[in-house]
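The listed protein sequences correspond, in order, to chains Y and G. Mapping of the first sequence onto our numbering: residues 1090 to 1272, in sequence order. Mapping of the second sequence onto our numbering: residues -16 to 191, in sequence order.
These aren't lab readings, by the way, just hints derived from the structure by calculation. Remember, it's a predicted structure, so these values are computed and weren't measured experimentally. C-beta: ideal position from N, C-alpha, C; glycine also. Be a bit skeptical, because a hint or two may be false.
Stated by the list, open to error - Examples of chain Y residues toward chain G, derived with CB under 10 Å:
(1) 1128
(2) 1131
(3) 1169
(4) 1251
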Amino acid sequence: MKKLLFILLCISSLYSQSHFYFGGSMGAYHESFEEQSNVVENTTITSLKIGYGQRKAYAVEFSFDYIKNKSKVFSSSGKYDGNRYGFNLALVKSFDYDLFVLPFIKAGFGSGFMHIQRTTQKKISYGSYNLATGVFIPIYKKFDIELGYKYRYMSYQPIDTIAEKTRYKSHINILYSGINFRF
Amino acid sequence: MHYIKQIFLSLSTCIIAGCGGSNTTTPLASDITSIHIDTTTKSFYPTDAKISLHATANYTDGTTKDVSTYVIWSESNSSLVNMVANTLAVKSNGGESNLSIQYADFQDTTPIHIHKLTVFHTIYPDDVNTTGEYIFKAEGDFDNNETNRTLITNIHWYATNDATIDVDEDGIAHITLIAGETNVTTTVFNDNNATDPLPPQSKIFNIN
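Same shape as in the complex, but just chain Y (with noise of 0.2 Å):
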């Protein structure tokens, strides 16, 4: 599934009339945990992004993730877990419907690792499928907002406890503003 949509990518870089363009942006991180849907974590996302294509078409897009970790989901008692820090890669498509704004959908898949509090572990690592819808809302020919709502489906390395080595998944909900600026 990740090579076949890492092919659509490349696929896609190759359409010409493209730019580089860079971003940023902040959101609400909602995540709930497959196994016990009471266990949730609730803080802030921080991106970075680079991409190559249309504004108006397709584009690829390179994302680096912050996470703020505010629960106690992977740590021990008492020990909160440590910061997320995460790649993406995505293809974007937007649609030109002669409005204000440029709609967009992006598809894409991403990993990284957070540090953990755990006897046995320090760092956990996961992989995730990523899904996203927004706008565009340009400001002038090199400049605009990104409003969007991000899904992503997660699935951490396994948790150690000796006995049992139980694999975690969990869905993530992000709702961003953010900023681009195209070359």
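Put chain G on the given structure of chain Y with help from the hints.
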């Protein structure tokens, strides 16, 4: 640039306010606090069957789990005992050793004592006068005054005259004798380095 930053922060603040909620403070999986060897007894007979030992992990939520097959077992005196996974096999007659378990940074050690077999006697079948299968067994006395304990391991049976030997899990030897003279020999602890070896025992059976 200042206005852009204001718009950006305002939107983010609104989003965050609309998605509030408390965060989890109880971990998904409880953490390990310690592991230990479960030892109801720390003394073993060197001629008993192999013994399965158990280890337990304690967790932060107060629960425990059997981790016998997940931890690494080791012995301090490998000429006396041998640990294969969580199974203890005694190799020599009498002595002291330590057993240890380890997992990541956790470990536990416990001393064990192996009793010494001081004398053994083979119990031969009566009325061996026809060909067929006969039952042989051996019993021993130990340094802790335990007497007539059946020897299951570290005992070896030999027979001449092409007699077949089948030793079951209880240490009982089923020996099939055929016509002629058969010498049945029993030895314990085939250890050439033993400081105080016990002499073998033999008996000859004649079947016409």
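Okay, the hints, checked on the actual structure:
no.	hint	result
1	1128	holds, 5 Å
2	1131	holds, 5 Å
3	1169	holds, 9 Å
4	1251	holds, 5 Å
The structure is consistent with each of the numbered hints, conforming to all of them.
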